[in-house]
Each structure stands twice: as structure tokens, then as C-alpha cells.
Amino acid sequence: MPGKRLVLYGERAFGALTLGFALLVLVLIGGMVYYLIQGAAPALAEFGWRFLVSRRWDAVHEVFGALPFIYGTIASSLLALVLAVPLGVGAAVYLAELAPPWIRTPLSFMIELLAAVPSVVYGLWGLFVMAPWLRAVVEPWLERHLGFLPLFRGPAFGVGILAAGVVLAIMILPTISSVSREVMLAVPDSQREAMLALGATRWETTWKVVIPYGRSGIIGAVILGLGRALGETMAATMVIGNSLNMSLSLFHPANTMASIIVNEFAEAVTRLHTAALIEIAFILFLVTLILNVLARLLVWRVARGPRGLRRE
Amino acid sequence: MAQSLTVENLNAWYGDKQALYEINLHVLPAKITGIIGPSGCGKSTFIRCLNRLHEVVRGARVSGRVLLNGQDIYAPRADPVLLRQRIGMVFQKPNPFPTMSIFENVAAGPRLQGVRGAALHEVVERSLVQAGLWEEVRDRLSQSGASLSGGQQQRLCIARALAVNPEVLLMDEPCSALDPASTLRIEELMGSLKEHYTIVIVTHNMQQASRVADYTAFFLEGRLIEYGPTAELFTRPQDPRTESYITGRFG
Amino acid sequence: MSHYWRRRLLNYLLLGLCVACTAVAVFPLLSILFYVAVRGFQALSPEFFTQMPRPVGEPGGGMANAVAGTFIMVGLAALLGLPVGIMAGIYLAEYGRGRLADVIRFMTDVFTGVPSVVIGVFIYTVVVTRMGSFSALAGGLALSLIIIPLVTRTTEELLRMVPYTLREASLALGATKARTIVSVVLRSAAGGVVTGVMLAIARAAGETAPLLFTALSSRHWSLALREPMASLPVYIYTYAISPFRDWQVQAWGAALVLLLTVLGLNLVARAVTRSRYRY
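Residue numbers (the numbering used here), protein chains in the order written: chain S, 1 to 312; chain A, 1 to 251; chain X, 1 to 279.
This is chain S alone, in the form it adopts within the complex (with noise of 0.2 Å):
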């Protein structure tokens, strides 16, 4: 019967096809190791460990070192993060714990949004609503008050680290506080039945229970925040002032890997130059995906309980 034949030959295909396709992922995440290497080879073997560590980036002699790119990215991403996971946490606390429905639905939705305005559109509001804002008032103010601190010493300029940070902080806020709201709903109740009952208050309640039941679940939502700001690239370029100086003022302008890359890529005629911003490249892949990797796994874990605890 060579019509059977023909659709038994047909369904192993569909199954192989769908297959095929799936492996394309892993082939697209294997060509990126290799070809962002090859890629990256004349900067690797040039410069070698001392790329990660000189703070000297010259086009003109060729001598390439990231360090002021690397500090532009972990300071303006740590501060992101101070920023945001106390706001991205306590809106959480709000939405899962306290609000009801009929605000938690819009109120989360907006939040959501956040996430869905295009990076560019965040770095045109940055640059023209938000650094005036932080030149004219933030700035001044801290410098008045923190000023015995080096970080919020010198001019004033607007855009630099600081404006870099306060738009990570607002672009990596919905991830925080979604994730964050999604695991601590995922808390059963009986838990905080259990705290109440022993006469705790609503926030007792909340930040003796419900946060340490979701612990790994929220730190995987601030490790994905975290990963998501490291590679933000539009809004930080546009904000962060560009400039390839290390200050150890939140004030000054700086560089991000990602935004180092943006400004200087197209416009990198020799061939060491393009390797130095493609191995800027690699080592922003590889962090984001440890990074990555280990936020899946703890938010992973807690979709399925805590230790001990598994339900039948």
C-alpha cells in the first residue's frame, strides 16, 4: 500500500522538520560563541587579559582596554538596581498583596506596558525630559547633600552615569516587579492563614512569610532586571553622555559596553578596532547569559516549592 507508506513518510518528516527548526536555536546560540570569537580573535590575542583591566581606549594607536566601559556598565546597572528593586519589589508587595482586583488589573497592566515602549523612545525621554530634570534639580540637590561622597561630586552635566541609571531603573522595573508579583500570587495562602492566625499584622505577614517563601523566585527576578540593564543598549547610549574618560562621579559622563559599541562600530575602519568592539561584545554575551541562565533556574525552583514542601 504505497498511500500508507506515503503518509507514514510525510508524518516522520513533519516530526523531523519540527525538529530541525527547534535545533536552529541551538545552532543560532553556537554560531554566536563561534562566530562573536573569530570575530573578537586579533583583540583576544593582541591584548589578551589586560583588555578587561587597561583604561586605556585609543583608536588612533591602537590600544584597546575596557575597563571605563566595564565600570560604565556595573555602576549604571547597580544603581538600576538600588533604584528598582526597592520599588519593583514594594509595587509587587502592593499588587499581590493588597490591591484590589479591580486596581490590580489596570495597575499591572500599566506596568506591563512599561515593558513594551521601544528602548529608543525611554532614551529620547531620557535625554530631553528626564537629564534636564536631573541636571536642574537631582543633581544640585545631591551634590548639596551627599557631596562629602566622591560619587556625587563635580559639574553637573545631565546625561552620565547617574541619568544612565535612573532609565535602567525604569526599564528593567516591570520585569522586577512582575516576576516579583507572579511568584509571591504564587505563595498559597494557607502560609499567610498560618501568620495571621498567630496574630501578625498584614506586613508581618507579608515580609516574614510570603518574601522568604518566595525568596529564589525574587531573587531570579532581580538577576533577569540585572542582566536586562547590563545589555540595555538605545536608552543608555543616548543618556549616559558618551565619553571615554573613567569618573568616579555618578555626574560625569561615561560608557556603557553596550553603548561603546553602538557609538563606535560603524565607524571602526581598522581591524583591531572592530575586534576590541566585537570581544566587547562576546564578554556582554556571556555575562547576560550566566546571568540569565542562573535567574531561570531560581525562578524555576520556586514554580515548584520550597524543599520539603512539594503538595500532592
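No lab work stands behind these hints, which were simulated from the structure alone. This list has only true hints and no planted wrong ones.
Estimated spans, in silico, between C-beta atoms of each pair: (1) A:Arg140 to S:Phe109: 41 to 49 Å; (2) A:Pro76 to S:Arg215: 34 to 42 Å; (3) A:Ser192 to S:Phe109: 52 to 60 Å; (4) S:Glu46 to X:Tyr164: 54 to 62 Å.
A few chain X residues that don't get close to chain S, going by computed Cβ distances all over 10 Å: (5) Phe49; (6) Val162; (7) Val194.
Being a predicted model, the structure only gives us computed values, none of them experimental. Built from N, CA and C at the ideal position, the CB exists for glycine as well.
Fit chains A and X to the given chain S structure using the hints.
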């Protein structure tokens, strides 16, 4: 000090759905009062009204009065948080806090009230002894509460409730998730606790009610059908519906 | 009693703080919507969609080429990315068992976290250097890499929501597995898959970084796939950081168009899901 509870004209709702109708009941101090009835008869809702946990559920509502030693717990100025320190609760499924150690589970309540140091250790030990768990866990107080067996977890939850030094102990089908041996331990435990605490226990199991309860109330479809000394209710029920329930004709 | 009052105060204080956090979290969105709407509206006119960009100093003009470019490249990305994403999603939901499927699933999740600038650099090294020039094709490819992991995961999740009994019914009628998947499972999940596709396309439409070193940009009207092509996000970027006031104003206009497109796609997608999967 064990206290009495007087329930007057209690009604309860989940959203638009009424779960309890005009309940009137007097719970005697230092006695065990059993609440029986088929699934969905409102017995769990009832017990959750006694420590104002019902109102925590979204859309839930209560009317009527519940007097704890003469004071209405639903009075406008009454504070549910303070109330729950006086009325402890044990739930259907053991629900220890999985992120806390055995010690911390029991210490959670007293800690809220600011008990610290030696006094805290004393309270934890006393509560674990009362719950009959001390001998089994004294050497591993720092292990996770979730590492215990089901029956031990439930006794841990009882110790946790006792540690706040309540006057009334509410138990919502505390043995429904346990094996017979653990059930027996908890029933024995209730007998020893009743000198100090007023106990209200919801149970699905009529034998359990007849074994442990001094007084029994029978609920059906959100209404209190009959209430009296356990022996009387089981041997000479006044209401035909009670009779058909205890003789196993429904539920 | 004073201890208890402290606890009560702390309770209200911290819960109040959480409310404040929520307000602060929502505020930037309102501010962005407000500024983009007001400034963008002032900059927009029908010319925006019909005219070409003018040289610096000449007022007026539009971004017809960028609007067309965005459409073409996002369309190209959808053409390349959707089949891959949907088929890979089918594999994960229907065929994938064991370690290999877990690895693919996990890597797909990780893929969504790859910074978009890295995708741009990757396509540059693979496509642009080989073709010898920036091109719309490279831009579309880069955007398709944004779409693939998103579509794969949503397709998988939605297919898993289709009840097993439906599959059994079809198999019992003698349909083969492939046939069942295509004509029963995929069809009943179609609404959700369309939602996922729309969200992925919205995401791709707003991306800038993957286009910068792939499609680059262009100041001319060009529909050729082998040549550089303009796009709205790249225009917003270059106009915003330019020193010219006219250009900055136009950047706001372009931002309004882009934001309306992206948020519009999001709203429609969510409305579709909500009416279909309300539980």
C-alpha cells in the same frame, strides 16, 4: 485562662453567596466543642469567623456578634490582630513555614510580641512539650520545619499556635491529612490541652467528634441544626436531620 | 502596649510605602506617554508619512522612507522568523521529550535575554561582512532573531493549553499525529498564537540596536533588499542625538508613530487574549 465564646446571630457571605445563617451558640470554657456536618455545610467558615480570618478572603463579609469573655470581637474598635493573639488556630493541612527552622516556627508568634532571649527559649520549649513534640525534636531544633513527618508537622503547628498563649484554640479538621496513628496522638493531645484552653474542633469524622468532644454542634447547609452534650446528641438527637446524618444516611 | 502601637504604625507605614512604590513605578509611564503624545503631536502632519527627509536647515519633510523601511524589515523578519518559531514551538510542545527538549527550551529562554546589540554585531560579522555592504536583508535577519525565541516559547505554552482529549478525539478518528497537530491543535490555539506573534512583532518593530550595523539607515527612498534601508527607530536615534532643533522635533513625531504602533499591537494582542482565555 480559657474563655467562653458566645456567638449571636452570626451570618457570613462569600461575595453574594451566603454561607452561614443566623448562628447562635455558646462555647463553654475549658471544654472541647466539636462541629460536625457534611462538606460545604459552613463548619469551616464558622470556625474562621471566630478569629476573624473569614474576612481575609476577598469579598467575604460577616454580620452578627461573637463575644469573647463578654466582649464583641466584631465591635468597630476591636482589632483583629490583637484578637488573633488570644485565639489560636490549627489548619486542615499542616502548614509550617518552610523557610524557618523548627525553633523559629514556634518562636514566630511570641517574637511578634517582642519576646526575646531566654524567655523565648522557654516559651518554645514549653509549647513543644505541650504539643508532645519536644522529645522528638529537641536535638534538631535548627532543622527546617518541613523536614518533619506529616503528623509531626501538625503537632509543630499546634505548638506554634500554643506559643502565643491563646485562650481559645480553633482546630479546622486538624487530622484530615494524617494517618490513624498520628490522628490518635493528636486526639490524646487535645484531651490534655483542654484544662487550659477552650477548644473548638471542626471534624469531618463523627467518630472523632464522639471520642474527643464534650459538646457537639451539627451544621447543615449553613445553619446550626442542633447543639448539645456529645453523648446526648449522638444517642438521642432531637432533630430528624441530625439523626439521619449520624446514622449515615447522608454526607 | 507601646510595642503593639509600634507594630501597628510600622504596618501602616510600610504598606503605605508599597502603595507609594506602585505610584512611583507607574509615574514614568505616564510621563513618557504625556511627552511623546504632546511633543509628537505637534511635530506630526500628513507630510510625515508622504514626504522624504529634507537636508538640515530646510524645514518640513517627513520620514516616508523610514516608515516603509520599518514595514519592510519587520515583514521580512516575520517571514523568516515566524515559521522557525512556530515549528520549534510545535516540536517543544508535541514531540520534545527528554534532555534535548529541555536544553532547547532552556536555551530559547536564555536567547530572549541576549542583548539586542549583540545580535546586531553577530549579524554584522556573519552577513554584512560577507555581502560586503549594509542591507535591509541583514536588518530583517537581525530582527528575526528577536522574534524567534519569543514566538517559540508562546507557541509551546499555548499548544500545551489545548486539552489532551481534543487530540485523542482526532487520533481516534484515524488522523495521523501530524495531521492532528496541524488541523486540530494548532487551529484551536490559533487565537493565542496570533497574540504571541503580534507581541513579538511589536517588540521587533521597536528595536534599534540590531539595525544600526545591519540595515544602517538611508536618506533615500529605497525598497531594495540588498541596500541599506531607513527605519523609524534608527531615525529617532540619529535625529534625537543630532544638534539640530528641527530634527529633534521630528524625532518626537517619529516616536509618537512608533509608540502608537507598538502599544497598539500590545493592546490589541491583550484584548484578543483576554476575551478568549478569561478564566
